[in-house]
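Engineer: Take a look at the letters that make up each chain.
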Amino acid sequence: MAAKTINITLKIWRQKNNKTKGSLETYKLDNVSTDSSFLEMLDQLNEQLINEQKDPVAFDHDCREGICGMCSLYINGRAHGPDTGTTTCQLHMRMFNDGDTIYVEPWRSVAFPIVKDLVVDRSSFDRIQQAGGFVSVNTSGRTMDANAIPIPKADADKAFEAAACIGCGACVATCKNGSAMLFVGAKVSQYALLPQGKVEAKDRVLNMVRQMDEEGFGNCTNTGACEVECPKGISIENIARMNREFLKASLTSEK
Amino acid sequence: MSNSALIKSSIAKKYWMALTGLFLCTFLVGHLLGNLQLIMKTGEEGRRAFNEYAYFMGHNIFIKVLSYVTYASILFHAVDGIMLTIQNKKARPVNYAYSNPSANSSLPSRWMAVLGTLILVFIATHMANFWWKMKIKEDVPLHTYKIESEQQIPALAQQTFYYTHVPTIQPLPKDENSIMEKGTELFIKGSNIKIGEGYRDLHTVVIQFFSKSNSSALFGVLFYTISMIVLGFHLWHGFASAFQSLGVNHAKWNPLIKALGKGFAVIVPLLFAIIPILIYLKS
Ligand code: HEM
Ligand code: SF4
Ligand code: FES
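Respectively, the protein sequence lines represent chains A and B.
Just so we're aligned, residue 1 is where the first sequence starts under this note's numbering, counting upward by one.
Just so we're aligned, residue 256 is where the second sequence starts under this note's numbering, counting upward by one.
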């Protein structure tokens with residue numbers, strides 16, 4: 001398919017910092033290649049803004065190949081835009097038409113405060129992860145070969161699917177309750193399914209859920225929006241597993 | 256037990272929502288089976304069946320305990336649901352300017368709190384209509400009736416009868432020596448000797464409530480029908496959702512749970528709604 005170019009109107013959230021109020025600003029951008037990615041389109045806009053001596057739009061990105069979880073953006077009412085199973089960096093302008101108006105907003109959550117424009121602070125996810133999203137490994141020098149531990153294929157597959165979560169926060173952004181349960185469910189499941197993770201399973205789920213609540217994330221009401229918008233296709237089966245793990249741990253943990 | 260995590264934590268709130276919600280679903284089935292007496296049998300037989308059922312619900316100790324669990328469940332479910340909703344609003348202080356939620360979730364799933372609040376309004380109205388009359392004001396009349404005999408015996412025609420708990424009828428005494436307590440229990444005056452006990456005629460109260468002779472009956476029928484549609488939407492999402500909350504999400508069982516939930520959400524409210532509609536149409 002030959003590359004074509006489109007002219008678009010952008011409505012982008014501009015906000016100086018966490019203290020000030022923001023607003024949607026309108027920008028016209030012409031000659032956008034449909035082969036470019038959404039972030040390349042924003043690069044093009046920023047060049048235009050810099051040429052006009054204006055402040056470029058701040059947005060998060062890193063790998064630009066859909067694996068780091070840095071990019072975000074609520075595009076036309078959907079986290080990571082209209083495509084399914086894609087991060088914003090992997091979203092292409094061929095998903096849009098000439099003359100389209102595109103709304104671009106930051107993730108909205110009390111636990112993701114805005115840093116500037118479209119950039120939000122997702123360190124609440126880091127703190128949840130630090131509360132229990134790991135396996136303690138003693139550096140005895142004689143660490144057991146992981147491949148020597150038998151793990152049923154089905155469990156390994158499920159753990160792997162859960163581990164695909166890149167921590168982007170789209171689940172929180174899209175959830176009407178601002179709930180982080182898909183993220184935490186994935187992190188809890190990833191370890192709960194594997195023998196290495198079972199050792200600390202009880203503390204892990206209790207501590208991660210407590211941290212999640214303390215950060216101010218909302219309560220899941222099973223709308224299922226998160227699994228639809230998750231770029232990695234994490235299933236809400238993981239939330240159910242977390243709920244089971246939590247019940248088990250609450251009833252039997254000595255803490 | 257981790258320090259009160261089973262009450263305070265976000266996940267624990269979900270368990271309670273799910274447990275009380277599912278309990279209320281079983282309550283709905285019981286309540287429905289009773290209500291169906293209103294249309295399954297007609298005439299005096301129907302009146303008797305329904306009033307006996309109403310008596311049983313009010314006096315059986317097991318049912319009494321269940322009814323308190325039901326009141327508590329409704330209260331807890333409502334309070335917990337409203338608290339959840341307030342917290343969830345706080346989790347997103349600034350809304351999106353442009354949002355397209357229909358792309359990723361069903362309408363009822365997003366409107367649970369509003370649907371639930373409407374159900375609460377319905378429950379309050381419904382209890383004021385019947386429960387209040389029956390339990391608090393105790394002004395549902397005694398179930399009485401006249402005997403029509405072919406021979407037109409005048410003594411019989413003048414006499415009013417009432418059903419008693421031994422399945423017989425007794426003439427309602429008009430003498431000075433007996434007294435009716437609590438509207439249904441007949442005592443020898445000045446003593447605690449019970450002569451007989453009748454039934455409250457809730458059947459007639461309900462039938463009159465939804466009959467054309469009552470000027471607000473049409474409004475009542477509409478209100479009850481719309482409330483049942485609201486309940487249907489609440490359950491359309493709620494039934495299966497409760498299983499997910501309790502951690503039951505299994506490839507083998509999910510299709511069954513979803514199908515059961517949708518069936519329940521359609522059939523139960525539909526049967527509830529048919530009752531006032533039929534009473535109205537037949538009146
Ligand atoms: C007979 C009446 C009712 C029945 C059978 C019922 C049933 C249910 C069920 C099964 C759920 C799903 C629970 C879950 O997802 O874990 C639910 C959720 C919910 N209900 Fe009700 N409910 C009733 C009345 C009410 C009332 C009166 C309210 C009051 C405000 C209410 C508010 C809610 C809310 C906000 C939710 C969503 C919360 C969540 O998913 O965790 N419900 N209901
Ligand atoms: S669960 Fe999906 S949407 Fe949520 S943080 Fe992980 S990858 Fe992103
Ligand atoms: S920039 Fe790394 S996932 Fe999008």
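Keep in mind that the hints were calculated from the coordinates and are not lab data.
Hints may contain errors.
Ranges between beta-carbon positions, derived for each pair [said to hold, decoys possible]:
(1) B:GLY301 - A:ALA154: 33 to 41 Å
(2) A:LYS19 - B:VAL334: 44 to 52 Å
(3) A:ASN147 - B:THR372: 26 to 34 Å
(4) A:ASP121 - B:HIS505: 32 to 40 Å
(5) B:TYR323 - A:ASP157: 28 to 36 Å
(6) A:SER33 - B:LEU330: 42 to 50 Å
(7) B:VAL334 - A:ASN31: 55 to 63 Å
Simulated coverage check for chain B against chain A, where a stretch passes if three residues somewhere in it have a Cβ under 8 Å from a Cβ of chain A [claimed, not checked]:
(8) 265–278
(9) 323–329
(10) 335–349
(11) 522–536
Virtual Cβ for every residue (Gly too), placed ideally from N, Cα, C.
Engineer: All hints are to be evaluated individually against the structure, with a verdict given for each.
Structural biologist: Evaluated hints:
Distance hint check for GLY301 (chain B) and ALA154 (chain A): the Cβ-Cβ separation is about 56 Å, which falls outside the suggested range of 33 to 41 Å. The hinted window of 44 to 52 Å between LYS19 (chain A) and VAL334 (chain B) is violated, with their beta carbons roughly 36 Å apart. Remark: the range hint 26 to 34 Å for ASN147 (chain A) to THR372 (chain B) is contradicted by a beta-carbon distance near 55 Å. A hinted range of 32 to 40 Å holds for the C-beta pair ASP121 (chain A) and HIS505 (chain B), which are about 37 Å apart.
In this structure the hint that TYR323 (chain B) and ASP157 (chain A) lie 28 to 36 Å apart at CB is violated, the actual value being about 48 Å. Separated by about 60 Å at the C-beta atoms, SER33 (chain A) and LEU330 (chain B) break the suggested range of 42 to 50 Å. With their beta carbons about 57 Å apart, VAL334 (chain B) and ASN31 (chain A) fall inside the hinted range of 55 to 63 Å. Residue count for the region 265–278 of chain B with a Cβ under 8 Å from a Cβ of chain A: 6. That meets the three needed, and the coverage hint holds.
Only residues whose beta carbon comes within less than 8 Å of a beta carbon in chain A count, and the region 323–329 of chain B has 0; fewer than three means the coverage is violated. Counting residues of the region 335–349 of chain B whose CB lies closer than 8 Å to any CB of chain A gives 8, which reaches the minimum of 3, so the coverage claim holds. With 0 residues having a beta carbon nearer than 8 Å to a beta carbon of chain A, the region 522–536 of chain B misses the requirement of three or more and the stated coverage is violated.
Consistency note: the structure conflicts with the earlier hints numbered 1, 2, 3, 5, 6, 9 and 11.
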